[in-house]
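Asks: So the first sequence is numbered by our numbering: it starts at 3 and just counts up by one.
Treat the hints loosely; a few may be bogus.
Said to hold, decoys possible - With a Cα cut of at most 27 Å, we get these calculated DSS-like pairs of lysine-lysine:
id, residue 1, residue 2
1, Lys167, Lys198
2, Lys4, Lys173
3, Lys238, Lys198
4, Lys4, Lys167
5, Lys173, Lys118
6, Lys173, Lys22
7, Lys167, Lys238
8, Lys167, Lys118
9, Lys22, Lys4
10, Lys198, Lys173
11, Lys198, Lys22
Since the hints were made in silico from the structure, they are not lab data.
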Amino acid sequence: MKVATWNVNSLRVRLPHVLKWLEREQPDLLALQETKLRDEEFPADTFADRGYSATFSGQAGYNGVAILSRQPPQDVAHGIGAGFADEQRRVLAATFGGLRFYCLYVPNGDRVDSDKYRYKLEWLAALRELLAAELERHPLLLVVGDFNVAPEDRDVYDPRAWAGKVLCSPKERAALGTLLALPTHDVFRLFQQPEKTYSWWDYRGIAFRRNWGLRIDLMLASSQLSQMCQTCRIDKEPRGWERPSDHVPVIAEFALA
DNA sequence: ATGGTTGGTGCCCAA
């Protein structure tokens with residue numbers, strides 16, 4: 003089973019890129035973030051024509067998550083639940099065969115110690131509780147998306163410049179650490195990877211040309227599933243296409259039907 | 001250098 007995640011930063015604008023990439027890579031599952039579409043605007047028919055079911059949870063203007071799949075989804079759920087009221091559309095889950103799959107768009111956090119930063123930390127704490135419960139029910143759990151946290155300094159092009167800043171701050175890394183301690187495994191790091199491999203580059207200036215990036219798009223797998231992971235890589239190419247997203251796809255393959 | 005770029009909305013906000 004081939005699984006991918008991509009923050010497309012507006013599916014309206016990026017639809018041609020997504021279709022081109024789907025055609026080329028033929029994943030079984032593709033998680034999308036920042037679709038920025040209302041549910042009634044989602045181009046489900048366009049994906050159905052290409053053999054993909056779509057499930058989505060969107061809102062006007064911001065956020066929005068979706069899952070494209072070769073198989074129809076089962077047990078679709080959205081939001082963190084468990085009393086964490088959140089009108090922002092950032093979480094979508096579905097089951098495919100024995101796999102429980104989560105598509106996440108973690109809050110950005112704006113600036114350390116801002117209101118949005120506190121919301122991000124509370125959101126991640128609530129997510130930990132949700133995933134702990136899901137791991138009890140689903141030995142094969144995969145949580146993918148834009149985590150808006152660079153796990154380690156090697157995931158940052160200039161760790162000294164970014165030290166303590168949002169996306170890299172100790173509290174954010176500790177919150178991600180509580181997800182990894184469940185345990186889950188950052189499947190990208192199960193394999194030898196090229197140095198300076200990132201998944202996001204700022205639109206501003208010459209960040210992409212200089213490879214001034216961060217690895218903030220992640221795939222966390224349960225222990226049993228991580229043992230079935232065969233490859234994980236980041237496809238940098240779409241960042242060089244005309245009018246790109248600021249993020250690129252992360253792809254993993256699992257020994258699963 | 002607290003900069004600049006993109007997308008969605010609507011005459012700024014989020015990232």
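Asks: Next, verify each hint and record whether it holds.
Replies: Now for the hints, and whether the structure bears them out:
| no. | hint | verdict |
| --- | --- | --- |
| 1 | Lys167 x Lys198 | holds (19 Å) |
| 2 | Lys4 x Lys173 | violated (32 Å) |
| 3 | Lys238 x Lys198 | holds (12 Å) |
| 4 | Lys4 x Lys167 | violated (34 Å) |
| 5 | Lys173 x Lys118 | holds (14 Å) |
| 6 | Lys173 x Lys22 | violated (38 Å) |
| 7 | Lys167 x Lys238 | holds (24 Å) |
| 8 | Lys167 x Lys118 | holds (14 Å) |
| 9 | Lys22 x Lys4 | holds (17 Å) |
| 10 | Lys198 x Lys173 | holds (23 Å) |
| 11 | Lys198 x Lys22 | holds (26 Å) |
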